[in-house]
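Can you make the complete structure from the sequences, with help from the hints?
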Amino acid sequence: MACSRYSPRSLTSVLRHVHYDRILCYEQGNRIQEHLVSEMLENKKNKIPNERPTVLSFQFQHTYTGGKRERINTTPERRKFIEVIKNAKFVQTSRGGQITYHGPGQLVIYPLLDLSEFKGLKSKCYVSLLEQCAIETLREPWVGLNAVTTENTGVWVDNNGLRKIASIGVNLRRSITSHGISINAFPDLSKKPVKWWI
Numbered sequence: 001m002a003c004s005r006y007s008p009r010s011l012t013s014v015l016r017h018v019h020y021d022r023i024l025c026y027e028q029g030n031r032i033q034e035h036l037v038s039e040m041l042e043n044k045k046n047k048i049p050n051e052r053p054t055v056l057s058f059q060f061q062h063t064y065t066g067g068k069r070e071r072i073n074t075t076p077e078r079r080k081f082i083e084v085i086k087n088a089k090f091v092q093t094s095r096g097g098q099i100t101y102h103g104p105g106q107l108v109i110y111p112l113l114d115l116s117e118f119k120g121l122k123s124k125c126y127v128s129l130l131e132q133c134a135i136e137t138l139r140e141p142w143v144g145l146n147a148v149t150t151e152n153t154g155v156w157v158d159n160n161g162l163r164k165i166a167s168i169g170v171n172l173r174r175s176i177t178s179h180g181i182s183i184n185a186f187p188d189l190s191k192k193p194v195k196w197w198i
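Per the UniProt record's numbering, numbering through the sequence shown is continuous, rising by one, with the last residue being 198.
All the given hints hold, so there is nothing to weed out.
Quick list of simulated restraints, FRET-style, between CB atoms: (1) Lys80 with Leu15: 37 to 43 Å; (2) Leu145 with His17: 17 to 23 Å; (3) Pro76 with His35: 28 to 34 Å; (4) Val148 with Lys119: 26 to 32 Å; (5) Glu27 with Asn159: 32 to 38 Å.
Hints are computed from structural coordinates only; laboratory data are not their basis. For every residue, glycine included, the Cβ atom is placed at its ideal position computed from N, Cα and C.
Given below as C-alpha cells:
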C-alpha cells in the first residue's frame with residue numbers, strides 16, 4: 001500500500017491549529033472535539049463545505065482513556081484500581097487502541113478532518129501519516145531524538161533500546177477523523193517515576 005502521496009509538510013498549509021494553553025480535564029477537551037466533529041458531520045450531511053480542517057492540541061489532567069480494543073478488558077475492578085490506586089480518572093472513548101495515560105507534560109493532538117477530501121488517504125495511511133508527523137518533529141534539530149516506528153502502532157525513541165514516546169488512537173465517522181496522537185514531550189514523573197504506567 002503506497003501512503004507516500006501525502007507528506008506532513010504538504011498538509012500544513014490547509015490546517016487551522018487551535019492550542020489550549022491551560023491544562024484541561026479530559027472530558028472538557030473531548031467535548032470541544034465532539035462539538036467540532038458534530039458540526040463537520042452535520043455540514044457533510046447537508047452538503048455544506050466544511051471550513052479548513054482543524055488541529056486541536058491540549059494537555060490534560062491525569063487521566064486514563066480506554067480505546068475500543070480495551071473495552072472488554074476494562075472491568076469495574078480495573079477501573080477502580082486506576083481511579084483509587086493511581087488517583088486518576090478513567091474515561092472510555094470511541095478511539096481505537098488500548099488504555100492510554102494522559103497528563104501534564106504530554107501533548108495531545110486531535111486532527112479533525114474529512115479524509116474523503118484527501119484523495120486516496122485511507123485510514124491506515126492516515127495513521128502512518130500521524131506517525132510520520134511525530135517522527136519528523138522529534139527529529140528536528142531543536143529536539144534531536146532518533147524517533148522510529150515498529151510493527152506496532154505509535155512512535156518510539158531508539159536510545160540504547162526502544163522507549164515509546166507517542167501513542168496513536170483514532171476514530172472515523174463517515175470519513176471524519178477524531179482523537180489522534182499523544183506525545184510524551186516533557187512529563188513530570190519525578191515524584192514517583194512509575195506511578196502513572198499500568
